[in-house]
Structures are given as C-alpha cells and as structure tokens.
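S.K.: Listed below are the residues making up each chain.
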Amino acid sequence: MTPADAPPSGERAVRRPLTTRERFDRSRPAGELMADVPWDGVLADADRMTARQFLATLVG
Amino acid sequence: MRAAAVAFHQPATVDPFEVDGLDDAELDELPFGVVCLDASGTILRYNLAEARMARLDRHSVIGRTFFGEVARCTDVPEFRGRFDAMVQGTTEEPLQRFDFLFDFKFGAQEVEVEMLRAPASERFYLLVHRRRFRSARENLAPDFPAPLQSELVERDGGERGVLRDDHEQRVVHAPYALFSSLLRTCQRVAPETWGIFCREWGVQWGRRLAVELEMASLEATELSLKERAMGEVADALSARLRDQGWGELSLDLSDAPTGLFRLELHESTIAAAARSLQGRACHLVAGMLSAVFSNLADRRLHVEELRCRAQGHAHCEFVVVGSTRKDRVAALAEEGASFHEVIDALGRGR
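Going line by line, the protein sequences match chains A and B.
First residue of the first sequence: 13, per my numbering; consecutive thereafter.
First residue of the second sequence: 113, per my numbering; consecutive thereafter.
Note that these hints are calculated values from the structure, not bench results.
Since the structure is predicted, the reported quantities are computational estimates derived from the model, not experimental observations.
The C-beta atom is built at its ideal place from N, Cα and C for all residues, glycine as well.
Among the hints, erroneous ones may be present.
Claimed, not checked - Selected chain B positions facing chain A (Cβ under 8 Å, derived; list incomplete): (1) N251; (2) W306; (3) R340; (4) V345; (5) L365; (6) A368; (7) L408; (8) D410; (9) L413; (10) V432; (11) V433; (12) G434; (13) D439; (14) A443.
What the hints assert, rightly or not - Non-contacting residues of chain B with respect to chain A, defined by C-beta distances greater than 10 Å in every case (computed): (15) G175; (16) E204; (17) L264; (18) K338; (19) A346; (20) R354; (21) T436; (22) H452.
Next up, chain A with everything else stripped away, as it sits in the complex (with noise of 0.2 Å):
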C-alpha cells in the first residue's frame, strides 16, 4: 500500500473539493448566495446553472 499514485494519462481531473476545515473556515450565513444570478431562459438556467445556483434563485 502506498500513498495515493499520480492518477492514470487521460484519467479525469477532478476540481478540488473543500476539506471540512475550508468549508466552516468559508462558511457563511444563508442569504448571501447568488445575489445576481443572470436570468435569460429558466430551460437553459436548468442545464447552465447548478443545483446550488439554481436553488438559490428562490425567494425567501
């Protein structure tokens, strides 16, 4: 068993995600999220914007 390897040529990248500690240390209140979402066409927001994006569009 070794350390993790260098992944495989042509193996997908994958973006980084936060630790648990990046996560509180970047946490913030709800409400703040995504205060100017662009709006041109809520099928192409569906398949444009995230699920985090998307959601936070809501009102309320």
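Keeping the supplied structure of chain A fixed, place chain B upon it in accordance with the hints.
M.R.: Just chain B now, kept in the frame of chain A:
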C-alpha cells in the same frame, strides 16, 4: 429544543474538532466519511457516507478493528504510523491531513484523510474525503483490499432474513398497504399528529437521501451533486424516487423567475395509501423534498403540498419556496390555493 436545532443543521460547515459532539444522526448528514476509533483502533462510530462508499453495513463494522479487519490497506506506516503517533502523543499536530489510496475489491478510491484526536477524550476521528474513483488495483494480496460485506458477515455465521441493495444497505420489501396501516393507527391514536409526524419523518429521510444522492453523484461523476446542473439533479432525484417506487416526480421550473417552482408527483404511493384521509396526505414526501433541496441549496427551503391525489386530484402538486415564505405558503395550501394563486398571493416578479 434539540430537535429544532437539528432540523436545518448545515453539516457541510462543521468544524472537524466539533465532530465528536455530533450525534449519530448528525454524523449521517455529513457529506464525507467519518470513522471514530478508540486508541486500539477499534471502530466506535461509522457514518452513512462512509458505509455507502465502503459498501459496508455499519452494524457489521462497529466493534471491529479498523486496521486489522475492516481497512487492512491502511495498516501501513503512511496511515497506521500517523495514527499510532497521535495515540502516543509523539506528534504535536492536533490534526493531520494526508492523501491516501483505499483499496476495495470493487475498486480503489483516492481520498484525503483528516485525522484528529477529539478534544478531551480518547476518541480519534478519520474524516475521509473522496477525490477520485479508480478501478481495482491488480496483483494485490487477497487479504489486502477491504473485505466485502458478505465476507464480514460470513465470519459471523451469515445473515438469514436480511435483504440488501447493491450498496449493501439493508432494505425491506413490504406492501405499500403498510402506510395505510400506519395512517389508520395514527387516526385512531393521535389523528392531529399525522401531518406533523410525517413531515418530520420525511425531513429525517430526506437528510439521509441527500447524502445517498451525493455519494452516488461522486461515484458516477466525481462532482458534488450541488455543483451539477439543476436539470441533471432533477433527473437524479426523480430516478431515485421512481426506482424506489414512490411515484414519478417531475420538476416544472418554468415559473422559477417568480422566485418559486412547482413539483408534480404522479402515482404517489403515500396518496394511494391514504385515500381515506380525503385531505393532503404527502407530508412525508414534502418533508423529504424540503430536506433534499435545503441540502442542495445550503440554505433552508420549504416544500408544501398544494394538491393531493388523496383529495381526488389527478396527481400531487407541490411548491418550493424560501423558508421565510413557509408560513404564508402553508396557510395558502390549507385554504386550497392553486399553484398560480400562490404566485399571485406572494407577488409576481422578483
């Protein structure tokens, strides 16, 4: 007070050093694996995400040794050595972070591990973040990868009368009339509690389902579900509910610019089981969807059923709003308002 505080707990922002203070239900809401060990390496706690990714039933692993029985690939200096140093106090670091490769018989997983000693206790925590999924490595010694669930229980004499899904989670096959029986029991014992009880039950279910969906997304795409397109997420949620027999869920996002959107559930199991109620019956589903969407949004959202098949409508209809609109929407639903009447009442436009 405890239940209220937990109801919209947002575990993604938990401080690693506060993990020991979370109860088991809260650990199960975390979107990463958590394993708690004593100083000898015996597993004390094992959360849902870790069980899902290791494809092991926690009840089969608690009480076993992590390094010797459950994750033998970690019994190497790069991992076990760090743990022993932390136990013996020969390292000054209260938290160690390192990359590792977990070997399972069904595949390998690149992970980042956060290892820490719980404050003021002799418990040690491994927080395991999946980074990349790979095929199983070849030419390993047979006992090196983690054992399969079936191998673990075989040593205990097997499992008679236990059904498991593809990820070794225990499941039960039961007729949906079980819900009819539950409703009749509730109507007899405490009829006023049906809606409250089922909604909270649904929230609890939804928190676990959110972790389940997140783990499935990581495994399939290596992306967090909340970072995937809303359309894909809708498909994943609908597929899961359909596969489990809850009905056919569809999301109508066309009114989203007004700040809310609509869900339809066709062939709802709960509504079919609760026809005798002749009122809105799908509180369980509404609670579940509230928890799932709140998890995805990282803020509180509320799902309210407006129309129910149990009332004679063709299908069940729900509205999704921000939590500050919860009371207003609940009152409108109680009055029998339609979806567009809700939009009008809340005010069109953003």
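S.K.: Next, verify each hint and record whether it holds.
M.R.: Status of each hint after checking the structure:
The restraint placing N251 (chain B) at the interface with chain A is violated, with a minimum CB-CB distance near 13 Å, outside the 8 Å limit. The closest approach between the C-beta of W306 (chain B) and any C-beta of chain A is roughly 26 Å, which is over the 8 Å cut-off, so the hint fails. With a least beta-carbon distance of about 6 Å to chain A, the hint placing R340 (chain B) at the interface is held under the 8 Å criterion. Because the beta carbon of V345 (chain B) sits about 4 Å from the nearest beta carbon in chain A, less than 8 Å, this interface hint is met.
Because the smallest distance between the Cβ of L365 (chain B) and any Cβ of chain A comes to about 5 Å, under 8 Å, the interface hint for this residue holds. Checking A368 (chain B) against chain A: minimum C-beta separation of about 5 Å stays under 8 Å; hint holds. Taking 8 Å as the C-beta contact cut-off toward chain A, the hint placing L408 (chain B) at the interface holds, the least distance being around 5 Å. Interface hint at D410 (chain B): satisfied, since its Cβ lies 6 Å from the closest Cβ of chain A, which is below the 8 Å cut-off.
Interface hint status for L413 (chain B): upheld, as the beta-carbon distance to the closest one in chain A is roughly 6 Å, under 8 Å. The beta carbon of V432 (chain B) is positioned within 8 Å of a beta carbon in chain A (closest approach about 7 Å), and the interface hint is therefore held. Proximity of V433 (chain B) to chain A holds as hinted, the smallest CB-CB distance being about 5 Å (cut-off 8 Å). A least Cβ separation of about 3 Å between G434 (chain B) and chain A falls short of the 8 Å threshold, and the interface hint therefore holds.
With its C-beta approaching chain A no nearer than about 10 Å, D439 (chain B) sits outside the 8 Å limit, and its interface hint is violated. A hinted interface residue such as A443 (chain B) counts as satisfied when its beta carbon comes closer than 8 Å to some beta carbon of chain A; here the least separation is about 14 Å, so the hint is violated. Its beta-carbon lying about 24 Å from the closest one in chain A, G175 (chain B) satisfies the requirement of being farther than 10 Å from that chain. No Cβ of chain A approaches the Cβ of E204 (chain B) within 10 Å, the least distance being about 17 Å, so the stated non-interface status holds.
Separation of L264 (chain B) from chain A is adequate, the least Cβ-Cβ distance of about 20 Å exceeding the 10 Å criterion. For K338 (chain B), the non-interface assignment is contradicted: its Cβ lies about 4 Å from the closest Cβ of chain A, within the 10 Å cut-off. Not every Cβ of chain A is farther than 10 Å from the Cβ of A346 (chain B); the closest lies at roughly 7 Å, contradicting the non-interface assignment. Distance check for R354 (chain B) against chain A: the nearest CB is about 19 Å away, which clears 10 Å, and the non-interface claim stands.
Here T436 (chain B) does not stay apart from chain A, with its beta-carbon only about 4 Å from theirs, under the 10 Å limit. Under the 10 Å C-beta cut-off, the non-interface status given to H452 (chain B) relative to chain A holds; the minimum distance is some 16 Å.
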